[in-house]
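Novice: Sequence:
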Amino acid sequence: MSTLYEYSGYESFKRNELIAKQDAPAEELLILASGQVGVYRRNEQGNNLLVAKVTTGGWFGEASFIPGFNRVVSLKALEDTIIVKLPISHFIELCQIDPTLMRNTFSALARRGASIGHFALNNMTTNIPLKIARTILSHIEILGNQEPGKQTIKIKMTRTELAMVVGITRQALNKYIVPFVEEGIIAVGYGSITINSLESLKKKIETLSMVSI
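Each residue of the sequence shown is one higher than the one before, starting from 1 at the first, in the UniProt record's numbering.
Calculated from the structure, these hints are not laboratory results.
Keep in mind that a hint or two might mislead.
Pairwise CB distance ranges, derived in the manner of DEER restraints [said to hold, decoys possible]:
{"id": "1", "residue 1": "Thr169", "residue 2": "Arg42", "range": "44 to 52 Å"}
{"id": "2", "residue 1": "Arg159", "residue 2": "Asn16", "range": "17 to 25 Å"}
{"id": "3", "residue 1": "Asp80", "residue 2": "Ala24", "range": "39 to 47 Å"}
Here are the simulated DSSO-like pairs of lysine-lysine, each with C-alpha atoms no more than 30 Å apart in a straight line [to be verified]:
{"id": "4", "residue 1": "Lys14", "residue 2": "Lys76"}
{"id": "5", "residue 1": "Lys156", "residue 2": "Lys203"}
{"id": "6", "residue 1": "Lys14", "residue 2": "Lys154"}
Quick reminder that beta carbons are idealized off the backbone N, C-alpha and C, glycines included.
Please take these sequences and the hints and turn them into a complete structure.
Specialist: This is the structure in structure tokens:
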């Protein structure tokens, strides 16, 4: 990681300051050195929806791997934040030196690609429980920090944020989220959601998807 920083530059952002805008040119990878960042994606109605929160060590900017491709999300500092900016050309050089870095990067890219698919599917269904399950899974995939084989995962997401992404009120969310809790799939805490079984969450999505057909 020290080699990455040698090729990089730093930039500080104040709370609520925009770091990167959706559809803007993507020419560098962004690594979160400190702070917390909100990941937003604009839907067809033009609303920017919070789809993930990323903390220290997270990274963004996979769109920069494709020449001429623009950013697919917007990033905003949720608190005072320091971002490490790494030009994609330098990153590619490092991948050629360290094959492990390249493998880990493309593994993360595959997970994030799946999350974009889930986000798109969410906009196509009116099944609220299915939207809730897909939103939680997408949040995990976007962060890309789940350990292989690990089933219990805690994410930073409030009920209000989850309701906003799903497209309902926080009050309406409560009745839909109760079955997930009763079945032991998730536990809801203050400002966080714990997935007790990632496999159970995926099976729940499969079941709900069949109901939606």
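Novice: Each hint needs a verdict: does it hold in this structure or not?
Specialist: Hints, verified against the model:
no.: 1; hint: Thr169 / Arg42: 44 to 52 Å; verdict: violated (21 Å)
no.: 2; hint: Arg159 / Asn16: 17 to 25 Å; verdict: holds (21 Å)
no.: 3; hint: Asp80 / Ala24: 39 to 47 Å; verdict: violated (22 Å)
no.: 4; hint: Lys14 / Lys76; verdict: holds (9 Å)
no.: 5; hint: Lys156 / Lys203; verdict: holds (22 Å)
no.: 6; hint: Lys14 / Lys154; verdict: holds (26 Å)
Checked against the numbered hints given earlier, this structure breaks hints 1 and 3; the rest are met.
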